[in-house]
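Chain by chain, the residues:
There are 2 protein chains.
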Amino acid sequence: MPRFADRLAAAVRAKGSAVCVGIDPRPGSLPSEFRPARDTPAAHAEAVGAWGIALVEAVAPLVPVVKPQLAFFECFGAPGFRAYHDIVLAAQERNVLVIADAKRGDIGSTAQAYAEAHFDTVGADAITVNPYLGRDSIEPFLPYANRGKGIYVLVKTSNPGSADLQDLAVEGGGTLHARVARMVHELGAEASQRGESGWSSVGAVVGATHPRELAALREAMPRTPLLIPGYGAQGGSASDCAAGFADDGASAVVNSSRGITFAFRSGDHAARFGDARWRDSARAAVIEMRDALEAARRAKA
Amino acid sequence: MPRFADRLAAAVRAKGSAVCVGIDPRPGSLPSEFRPARDTPAAHAEAVGAWGIALVEAVAPLVPVVKPQLAFFECFGAPGFRAYHDIVLAAQERNVLVIADAKRGDIGSTAQAYAEAHFDTVGADAITVNPYLGRDSIEPFLPYANRGKGIYVLVKTSNPGSADLQDLAVEGGGTLHARVARMVHELGAEASQRGESGWSSVGAVVGATHPRELAALREAMPRTPLLIPGYGAQGGSASDCAAGFADDGASAVVNSSRGITFAFRSGDHAARFGDARWRDSARAAVIEMRDALEAARRAKA
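As you go down the protein sequences, you meet chains F and P in turn. Here the first sequence is numbered in this note's numbering, starting from 1 and rising by one per residue. Here the second sequence is numbered in this note's numbering, starting from 1 and rising by one per residue.
Don't take every hint at face value.
[To be verified] Each pair of labels, with its calculated beta carbon distance range: (1) F:172 / P:120: 41 to 47 Å; (2) F:219 / P:35: 49 to 55 Å; (3) P:212 / F:174: 44 to 50 Å; (4) F:16 / P:275: 58 to 64 Å; (5) F:219 / P:189: 37 to 43 Å; (6) F:174 / P:43: 29 to 35 Å; (7) P:298 / F:191: 33 to 39 Å; (8) P:233 / F:247: 29 to 35 Å; (9) F:268 / P:186: 39 to 45 Å; (10) F:123 / P:291: 44 to 50 Å.
[Claimed, not checked] A few chain P residues that don't get close to chain F, going by computed Cβ distances all over 12 Å: (11) 1; (12) 24; (13) 32; (14) 58; (15) 60; (16) 90; (17) 93; (18) 95; (19) 105; (20) 135; (21) 266; (22) 270; (23) 279; (24) 294; (25) 297; (26) 300.
Calculated directly from the structure, the hints in this document are not laboratory data. Ideal Cβ positions, reconstructed from N, Cα and C, are used throughout, including at glycine.
When you get a sec, could you build the whole thing from the sequences and use the hints?
Quick look at the structure:
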C-alpha cells in the first residue's frame with residue numbers, strides 16, 4: 001500500500017490544489033434545502049449528513065482532501081456519528097482523501113481503540129491527534145502507515161489560547177511546540193513511516209495564524225506534511241501560509257471551513273450566488289483560495 | 001441546580017465509597033452471556049451496550065460514579081456511540097453519576113460542540129478535557145457549571161509517556177503539569193464554578209501511578225476535585241492514592257476499569273466466581289477497593 005504522504009501528493013497533483021475543505025456543519029447555517037425538518041438531534045444529523053455528501057460531490061473535482069470536524073457530528077449523538085461515517089464513504093467513492101479532525105489522545109490501549117474507530121471502522125485516511133499524553137499515546141497509530149494511513153499531531157494550533165502552553169519555553173531550550181515538533185520529526189523519520197518521496201506519514205498541525213512559527217516549524221520538520229488550519233475566517237492569509245510549503249505535494253494542505261462552505265451566506269457571494277446556488281459558491285471559494293495560495297507560493301519562490 | 005462538586009460529594013456520602021468504575025469494554029473480554037453473536041461492529045456494540053447496562057445495575061448500590069471510556073464505544077461507529085448513550089441513561093436512572101472519559105480539546109466553537117454532545121445530547125455529568133490548546137479551549141465548558149456539570153482537565157496522566165511533555169520544566173518555574181494545575185485552580189476558583197462546599201466544578205486528572213506528584217498537586221489545587229486513574233491494573237495502590245484525598249467527598253474519586261469489570265477472568269476471582277458470577281466478582285472487587293482506599297486514608301490521617 002502506498003504511504004499516506006505519497007497518496008496525498010498524488011491527490012494534490014491530480015487536483016492541482018492544496019485546499020482542504022473543512023466540514024464543520026451547524027444546522028442553522030445550512031442552505032435552505034437542508035434545513036432540518038424538526039428540532040431533534042436525529043433530524044439535525046440527517047440534515048448535516050445529506051449536506052455533507054452534497055458538499056463533497058460539489059467540490060470533489062477540485063480538492064484533494066476534506067476534513068470533517070468530529071465535534072459537529074458528535075453533538076447529535078449516534079445519528080451524528082453515522083452522518084460523519086456516510087460523508088467519509090462519499091468522499092472516498094469520489095477519490096477525495098479524508099482527515100478525521102478528532103484531536104484524540106489517550107493512553108496506549110485506548111489510543112489503539114481510537115485508531116480502530118477512525119481507520120478500521122470508519123475508514124478515514126488520516127486523523128488529528130493531541131500530543132499532551134506523550135509519545136506512547138501516539139505510537140498506537142503508527143503501524144497503520146503500512147495501510148496508507150497518516151496522522152497529524154497538534155503542534156501549534158490556530159487559536160489565541162495556543163500561546164498558554166504551546167509557547168512556553170521549556171528545559172533544554174525552545175518552546176513546548178518546538179519540542180513536540182522534534183518528537184513528530186523523530187517519529188516520522190522511521191523508515192516504516194516514509195513514502196517513496198521521503199515524506200512521512202506523521203504530519204503536524206500548524207495554524208496559518210502564526211506565520212513566523214510556521215516558517216520555523218517547516219524548517220524543523222523538513223519531511224513532515226503540514227495541515228494548516230486558520231485560513232480565512234480565523235484570520236490567516238495565503239501569504240501567511242506560503243512558508244508552510246516545500247517542493248512536494250505532500251508538504252502542506254491548507255484548510256478552510258466556513259470560508260468555503262458558508263460563503264454563500266454573506267458579502268459578495270450572497271449577491272452572486274445566494275442560497276440556491278451554494279454549490280457554485282463553494283466551488284468559487286475553493287478556486288479563489290487555490291489561486292491565492294498558488295500566487296503566494298510563486299511570490300515566495 | 002446544585003454544582004457538580006456538591007452532587008459528587010453527596011453521592012460519595014450516600015454510597016460510602018470513592019470508587020469510580022471505568023467502563024472500558026473489549027468484546028473478547030466480556031462474560032460469555034454477552035459474547036457478540038457476529039463479528040461486526042454493530043454486533044459488538046450491542047454486546048458492550050448490554051453488558052455495560054448490566055454492569056451499572058450490578059454496581060449501582062455501591063458506587064457514586066462510573067466512567068465510560070469513549071474510545072471503546074467509538075471503535076464500533078454509530079452503534080457504539082448509541083451503546084455509550086444507553087449506558088449513561090441507565091446510570092442516571094440508578095442515581096449513579098457519569099464522567100464521560102472523552103479527553104476532548106479543541107478551539108472555542110468546536111469545544112462548544114463537544115460540550116453540547118456530552119452534556120446536552122447524551123446527558124453526562126462530567127467530561128474529561130485535554131488542556132494542550134489552552135484556556136480558550138476549556139472555557140466553553142465552564143457555563144455548564146450552572147446546570148450541575150463538571151469537567152476534569154488532564155494534568156498528570158497515568159501512563160509512562162506522561163513524562164515526555166507534562167514533566168518538562170517550563171519558564172517561570174515548575175513543570176508543565178504544575179502550570180496546567182495553576183490554570184485549573186484559577187478557572188475553578190471563580191464563584192460560578194464553586195459549590196456550597198467551596199469545591200470547584202473544574203476538576204483535574206492525576207494518575208495514581210505518580211504518588212509524589214499527586215501529593216504536590218493536591219496542595220496546589222486545594223478545592224479541585226481529582227479523578228485518579230491508574231489504580232490496580234496500571235500499578236497504582238490504595239496508599240498511592242491516599243494523598244489525593246482531603247476531608248470532603250468531592251475531593252477525589254479513584255477509577256479502576258479492568259481490575260473491577262474483568263476481575264472474574266483471572267486469579268482468585270476466577271476460582272471464587274468465574275464467568276457465570278461476574279456480577280458478584282465486580283461487586284466484590286468494588287468492595288475490596290473501597291475498603292483498601294478507606295484503610296489507606298485512615299493510615300494517612
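Against the structure, the hints come out as follows:
1. F:172 / P:120: 41 to 47 Å: holds, 43 Å
2. F:219 / P:35: 49 to 55 Å: holds, 53 Å
3. P:212 / F:174: 44 to 50 Å: violated, 27 Å
4. F:16 / P:275: 58 to 64 Å: holds, 59 Å
5. F:219 / P:189: 37 to 43 Å: holds, 41 Å
6. F:174 / P:43: 29 to 35 Å: 49 Å Cβ-Cβ, so the 29 to 35 Å window is violated.
7. P:298 / F:191: 33 to 39 Å: Violated, at about 55 Å.
8. P:233 / F:247: 29 to 35 Å: violated, 49 Å
9. F:268 / P:186: 39 to 45 Å: holds, 43 Å
10. F:123 / P:291: 44 to 50 Å: With Cβ atoms ~47 Å apart, the hint holds.
11. 1: holds, 21 Å
12. 24: violated, 7 Å
13. 32: Fine: 22 Å to the nearest Cβ keeps residue 32 of chain P off the interface.
14. 58: The claim stands: residue 58 of chain P keeps its Cβ more than 12 Å from every Cβ of chain F (closest is about 23 Å).
15. 60: Non-interface label stands for residue 60 of chain P: nearest chain F Cβ at 23 Å, farther than 12 Å.
16. 90: Holds, since 15 Å exceeds 12 Å.
17. 93: Answer for residue 93 of chain P: holds, closest chain F Cβ roughly 18 Å.
18. 95: holds, 23 Å
19. 105: Answer for residue 105 of chain P: violated, closest chain F Cβ roughly 6 Å.
20. 135: violated, 5 Å
21. 266: Holds, because the least Cβ-Cβ distance between residue 266 of chain P and chain F comes to about 17 Å, which exceeds 12 Å.
22. 270: The claim stands: residue 270 of chain P keeps its Cβ more than 12 Å from every Cβ of chain F (closest is about 21 Å).
23. 279: holds, 24 Å
24. 294: holds, 27 Å
25. 297: holds, 26 Å
26. 300: Given a closest Cβ separation of 27 Å, the condition holds.
Consistency with the previously given hints fails for numbers 3, 6, 7, 8, 12, 19 and 20, ordered from lowest to highest.
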